[in-house]
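Trainee: Those protein sequence lines, which keep their order, are chains A and B. With this note's numbering applied, the first sequence corresponds to residues 1 to 275, in that order. With this note's numbering applied, the second sequence corresponds to residues 1 to 309, in that order.
Read the hints as simulated data drawn from the structure, not as lab findings. Glycine residues also receive a C-beta, built at the ideal position from the N, C-alpha and C atoms. A couple of the hints might just be wrong.
Unchecked claim - 25 Å max Cα-Cα, derived DSS-like pairs, lysine-lysine: (1) A:Lys255 - B:Lys195; (2) A:Lys216 - A:Lys6; (3) B:Lys163 - A:Lys136; (4) B:Lys80 - B:Lys93; (5) A:Lys96 - A:Lys69; (6) B:Lys253 - B:Lys42; (7) A:Lys69 - A:Lys43; (8) A:Lys255 - B:Lys264; (9) A:Lys183 - B:Lys250; (10) B:Lys93 - A:Lys261; (11) B:Lys282 - A:Lys136; (12) B:Lys282 - B:Lys195; (13) B:Lys277 - B:Lys163; (14) A:Lys255 - B:Lys163; (15) A:Lys183 - A:Lys6; (16) B:Lys93 - A:Lys96; (17) B:Lys93 - A:Lys187.
What the hints assert, rightly or not - A few chain A positions that, by computed beta-carbon distances, are all more than 10 Å from chain B: (18) Gln23; (19) Phe31; (20) Gln93; (21) Gly113; (22) Glu118; (23) Gly120; (24) Ser149; (25) Gly150; (26) Ala154; (27) Glu160; (28) Val207; (29) Glu214; (30) Asp224; (31) Glu235; (32) Lys236.
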Amino acid sequence: MRAFDKVTAARSADRLTASDFIQALFGDSFFELHGDRCYADDKAVKAGIATIGNMPVTVIGLDKGKNTKERLEKNFGSAHPEGYRKALRLMKQAEKFRRPVLCFVDTSGAFCGIGAEERGQGQAIAENLMEMMTLKTPVLSIVIGEGGSGGALALAVANEVWMLENAVYSVISAEGCASILWKDPAKTADAAQCLRLTANDLFTMDVIERIIREPKSVESPLFDSLRNLIANTFEKYLAMSDEELLNNRYERFRKYGRTTKVFTFDEDESETEQK
Amino acid sequence: MFNGDFFTFLKPKNELEKIPADKSTEDSKPYIPDALWVNCPKCKRMILATDLDDNSRVCTQCNHHFRITARQRLEMICDKDSFVEADGDMVSKNIIGFPDYNRKLAAAKNRSGENESVITGVCTINGYKTVIFVMDPSFMMGSMGTVTGEKITRAFEYATENKMPVVAFTLSGGARMQEGILSLMQMAKTSGAVKRHSDAGLLYITVLTDPTTGGVTASFAMEGDIILSEPGALIGFAGPRVIEQTIRQKLPKDFQTAEFLRDKGFVDAVVDRRKMKDTLAKLLSLHNIEKAAVDEQPAEKEIESDESI
Ligand SMILES: [Zn+2]
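So here's chain A without its partners, still in its complex pose (with noise of 0.2 Å):
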């Protein structure tokens, strides 16, 4: 597929949801916990503890709703800056119990207006990054559809980094890019390939250390391995010291532009294997 294609595959209705993953992953033993003991309970991040086998994890998703009444609510998958304090509250909860946290990512960005200006959009997202790069417990986030700029990346400073085959993770939408620089909707496709937003091309650029397979429905048996795979990454982390699971976490982040290495991509458009 051409990395537009994938843009529109990372936001198509009937894609599976944080929601989806959530039941498909975890079942029954999901208990949903809400808001940000602030100001509200931001229905865009869904959040709560479940378990892995007999592991405790916290789960944090950015979930677009699965119907118009749904998408309404969660405000189609877009954050207010009580969405990311709410996140934050709890992933400082499973701090305290060295509980693992597991993120899913699918926002089109944090959400642009009034209301999340005047409470401090930036400043939410910058508070998640600082305090979850020292979150001195394993941190796994999967972008699942859309990883939108900041909103996105305020849920994935992570030990580890995952994306789906179909998924998309970028700076700015393919629209925007567009727009702002050649002041011309019709290259929103041209645009998506420049910014190398495709799996396969962050994962050229380690960006991410895993592309997974894409579950097309919640009873697919793939969940039966993702659950495995996560289940085994948390075991390792959980292994290390704080200040190794620290570091781990700070020199992920901390080679992006030490070198200016110029990337060379694949650019064969055949379907991805998991890597």
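Fit chain B with the ligand to the supplied structure of chain A, relying on the hints for placement.
Mentor: Below, chain B with the ligand alone, put in the same frame as chain A:
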């Protein structure tokens, strides 16, 4: 190194600038035009350019704070001859092969006389030793690429290692889209360096200047122990036009100004540019910061350059 020679920064200084810039485009013009009179964008009155310079480039009629280059800022804030630049030779490359980016970089260098959108280094402010970094409006409007993030991160790591405070003047349209996701990653990287500096018990003061938006607002700009701003500066996550398009309504008049952010609880104080140096010195003096002996100036330390960039 900055020697206090006020206009040297307008001259080309490295060979990359020999790439001819397209004269028809806005980004090839010098940032500070060589004119006798300047039109104030706020009160619309004409001001004599020399009067404006004598007044820290604040309008003598209405107190509008004109945008200034990073070098002008350093001249106003650092004690004379105290600034020692770090990593001034780091340059961006077209790391993801983005169309037209090489030409844009060459034009930005030509226009600003700088190698990147941020200048980092050490200086003294009324004698107090500090790490300082200043973002530049004449280099792609302070856009944050990987080298911007790298220089800022190295500044924080240097400050942490040497137990020094950091003073930052932020100015940015946000992350640089021509470097794709690697620009976005700079938000996490710089935030990690700020956190380590903070956990070491060290002081970080940010001064938000016009405009501070996007990925810079959503990372190190908003992470200061003390957050100051210049009067009237535009500060926000999303730009006002994007918000208007999203919500399809006009924004209130003072929305996203420094004063608005102060009243909403996100900025500690709005400080006039002409009082900024003394304000920073006062805040540094309250935090047990080492004061250079008078004969010790300029600062003797230089941040070592890394050959990997
Ligand atoms: Zn004026």
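Trainee: Next step is simple, just say for each hint if it's right about the structure.
Mentor: Quick rundown of the hints versus the structure:
1. Restraint check: the Cα-Cα separation between Lys255 of chain A and Lys195 of chain B comes to about 17 Å, which is no more than 25 Å; the hinted pair holds.
2. Restraint check for Lys216 of chain A and Lys6 of chain A: the C-alpha separation of about 15 Å stays at or below 25 Å, so the hint holds.
3. In summary, the hint linking Lys163 of chain B to Lys136 of chain A is supported, as the alpha carbons are separated by about 24 Å, within the 25 Å threshold.
4. For the suggested pair Lys80 of chain B and Lys93 of chain B, the alpha carbons sit about 33 Å apart, so the restraint of at most 25 Å is broken.
5. Between the alpha carbons of Lys96 of chain A and Lys69 of chain A the distance comes to roughly 35 Å, so the proposed pair goes past 25 Å and is violated.
6. Taking the CA atoms of Lys253 of chain B and Lys42 of chain B, the gap is about 14 Å. The hint holds against a cut of 25 Å.
7. For the hint pairing Lys69 of chain A with Lys43 of chain A, the CA-to-CA distance comes to about 12 Å; that is within 25 Å, so the pair holds.
8. Proximity of Lys255 of chain A to Lys264 of chain B is assessed by CA-CA distance (about 36 Å); at most 25 Å being required, the pair is judged violated.
9. Of the pairs offered as hints, the one joining Lys183 of chain A and Lys250 of chain B holds, with about 22 Å between alpha carbons and a cut-off of 25 Å not exceeded.
10. Proximity of Lys93 of chain B to Lys261 of chain A is assessed by CA-CA distance (about 8 Å); at most 25 Å being required, the pair is judged to hold.
11. A distance of roughly 36 Å separates the Cα atoms of Lys282 of chain B and Lys136 of chain A; the hinted pair therefore is violated under the 25 Å criterion.
12. With a CA separation close to 24 Å, the supplied pair Lys282 of chain B and Lys195 of chain B stays within the 25 Å bound.
13. For the hint linking Lys277 of chain B to Lys163 of chain B, the alpha-carbon distance of about 21 Å falls within 25 Å, and the restraint holds.
14. Between the alpha carbons of Lys255 of chain A and Lys163 of chain B the distance comes to roughly 23 Å, so the proposed pair stays at or under 25 Å and holds.
15. Restraint check for Lys183 of chain A and Lys6 of chain A: the C-alpha separation of about 23 Å stays at or below 25 Å, so the hint holds.
16. With a CA separation close to 43 Å, the supplied pair Lys93 of chain B and Lys96 of chain A exceeds the 25 Å bound.
17. With a C-alpha separation of about 24 Å, the suggested pair Lys93 of chain B and Lys187 of chain A falls inside the 25 Å cut-off, and the hint holds.
18. Listed as outside the interface, Gln23 of chain A is consistent with that label: its C-beta sits roughly 29 Å from the nearest C-beta of chain B, beyond the 10 Å cut-off.
19. Non-interface call for Phe31 of chain A relative to chain B: holds, since the shortest CB-CB distance, roughly 29 Å, exceeds 10 Å.
20. Annotated as non-interface, Gln93 of chain A keeps its C-beta farther than 10 Å from every C-beta of chain B; the closest such distance is 19 Å.
21. Its beta-carbon lying about 5 Å from the closest one in chain B, Gly113 of chain A breaks the requirement of being farther than 10 Å from that chain.
22. At roughly 5 Å from the closest C-beta of chain B, the C-beta of Glu118 of chain A falls inside 10 Å, breaking its exclusion from the interface.
23. Non-interface status of Gly120 of chain A relative to chain B is broken: a Cβ of that chain comes within 10 Å, the nearest being about 5 Å off.
24. In this structure Ser149 of chain A is not separated from chain B by more than 10 Å, as the shortest Cβ-Cβ distance comes to only about 6 Å.
25. Not every beta carbon of chain B lies more than 10 Å from that of Gly150 of chain A, the smallest distance being close to 4 Å; the non-interface claim is violated.
26. Under the 10 Å C-beta cut-off, the non-interface status given to Ala154 of chain A relative to chain B is violated; the minimum distance is some 8 Å.
27. Listed as a non-interface residue, Glu160 of chain A keeps its Cβ farther than 10 Å from every Cβ of chain B; the least gap is roughly 14 Å.
28. Chain B draws Val207 of chain A into its interface by the beta-carbon criterion, the shortest separation being 5 Å against a cut-off of 10 Å.
29. Consistency note on Glu214 of chain A: stated as away from chain B, and its beta-carbon is indeed over 10 Å from all of that chain's, at 20 Å minimum.
30. For Asp224 of chain A, the shortest C-beta to C-beta distance to chain B comes to about 30 Å, beyond the 10 Å cut-off, and the non-interface label holds.
31. Listed as outside the interface, Glu235 of chain A is consistent with that label: its C-beta sits roughly 25 Å from the nearest C-beta of chain B, beyond the 10 Å cut-off.
32. Against the 10 Å criterion, Lys236 of chain A stays outside the reach of chain B, whose nearest CB is about 21 Å from its own CB.
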